[in-house]
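Engineer: For reference, the chains in residue letters:
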Amino acid sequence: MSDTEQNQIHEAITRAISEHDTILFMKGTPEAPACGFSARTVAALQALQAPFAAVDVLPDPRIREELSAISQWPTIPQLFVRGELVGGCDIVMEMYESGELAQTLGVEGNDAEHGRKPPDEAAAVAAGLTQIENRLG
Amino acid sequence: MPNAEEIKQRIEAAIPGARAEVEDWTGGGDHFKATVTAAAFAGRSRIEQHRLVYDVFGAEIGGPIHALSLKTQSAG
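As you go down the protein sequences, you meet chains A and B in turn.
Take the first sequence: its position 129, counted from the start at 1, is 168 in my numbering, and no numbers get skipped.
Take the second sequence: its position 25, counted from the start at 1, is 76 in my numbering, and no numbers get skipped.
Calculated directly from the structure, the hints in this document are not laboratory data.
Treat the hints loosely; a few may be bogus.
Unchecked claim - Estimated spans, in silico, between C-beta atoms of each pair:
1) Ala73(A) - Asp106(B): 35 to 41 Å
2) Ala108(A) - Glu74(B): 40 to 46 Å
3) Cys74(A) - Glu74(B): 15 to 21 Å
4) Glu133(A) - Asp75(B): 34 to 40 Å
5) Gln111(A) - Gln60(B): 38 to 44 Å
Said to hold, decoys possible - Straight-line Cα separation of at most 25 Å, DSS-like style, residue types lysine-lysine; simulated pairs:
6) Lys84(B) - Lys59(B)
7) Lys122(B) - Lys66(A)
8) Lys122(B) - Lys84(B)
9) Lys66(A) - Lys84(B)
10) Lys59(B) - Lys122(B)
Using N, Cα and C, we set each Cβ at its ideal position, and we do this for glycine too.
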């Protein structure tokens with residue numbers, strides 16, 4: 040594994056975090072979560088009808104490595120809002136139950152005006168990261 | 052592989068004044084749930100509080116400790 044490849048992954052992750060207001064790094068996808076913690080976190084976001092981008096960390100172990108180095112957080116899932124780590128499943132669920140999550144995401148009194156992000160966006164974020172893996176062939 | 056009692060002791064030793072309740076969530080020895088109360092948590096965000104606990108275990112999180120679910124609160 041070269042430094043360049045690691046740097047590319049690092050850059051792709053930091054770019055994704057800065058480009059998306061709400062982004063969840065998880066195991067699996069929102070449609071098919073691969074672990075209970077990721078599933079619960081996704082469910083909280085979906086219950087609030089909050090638009091979010093999602094990145095599956097499973098395809099490449101380096102995604103998780105770089106992410107943890109960036110966020111200084113050891114576990115998956117990780118939810119970032121406006122560039123900042125909000126937390127993992129435990130914190131997101133606490134905030135969901137207290138109403139803080141809705142506030143943080145700006146979806147209080149959510150109604151039809153707040154649409155979902157089109158599925159393409161989530162796929163594009165994930166593709167951006169896995170493209171690194173593909174280019175390394 | 053640590054057990055719940057060991058995890059509790061390590062948290063309480065590392066964070067001054069902390070009281071930890073730790074359960075082995077699945078009975079399988081690698082999936083734990085901890086409630087930690089400490090004056091040291093006062094004024095810190097949840098993230099900071101959780102990081103203080105995760106830091107006790109370092110690289111063991113995700114390894115021998117497959118999952119450590121946390122609830123933290125500052126001492127009343």
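Engineer: It remains to establish, for every hint, whether it holds in the given structure.
Structural biologist: These are the hints, each one checked on the structure:
{"no.": "1", "hint": "Ala73(A) - Asp106(B): 35 to 41 Å", "in the structure": "violated, 27 Å"}
{"no.": "2", "hint": "Ala108(A) - Glu74(B): 40 to 46 Å", "in the structure": "violated, 30 Å"}
{"no.": "3", "hint": "Cys74(A) - Glu74(B): 15 to 21 Å", "in the structure": "holds, 19 Å"}
{"no.": "4", "hint": "Glu133(A) - Asp75(B): 34 to 40 Å", "in the structure": "violated, 22 Å"}
{"no.": "5", "hint": "Gln111(A) - Gln60(B): 38 to 44 Å", "in the structure": "violated, 25 Å"}
{"no.": "6", "hint": "Lys84(B) - Lys59(B)", "in the structure": "holds, 10 Å"}
{"no.": "7", "hint": "Lys122(B) - Lys66(A)", "in the structure": "holds, 22 Å"}
{"no.": "8", "hint": "Lys122(B) - Lys84(B)", "in the structure": "holds, 8 Å"}
{"no.": "9", "hint": "Lys66(A) - Lys84(B)", "in the structure": "holds, 20 Å"}
{"no.": "10", "hint": "Lys59(B) - Lys122(B)", "in the structure": "holds, 13 Å"}
Going down the numbered hints, you'll see the structure goes against 1, 2, 4, 5, while the others check out.
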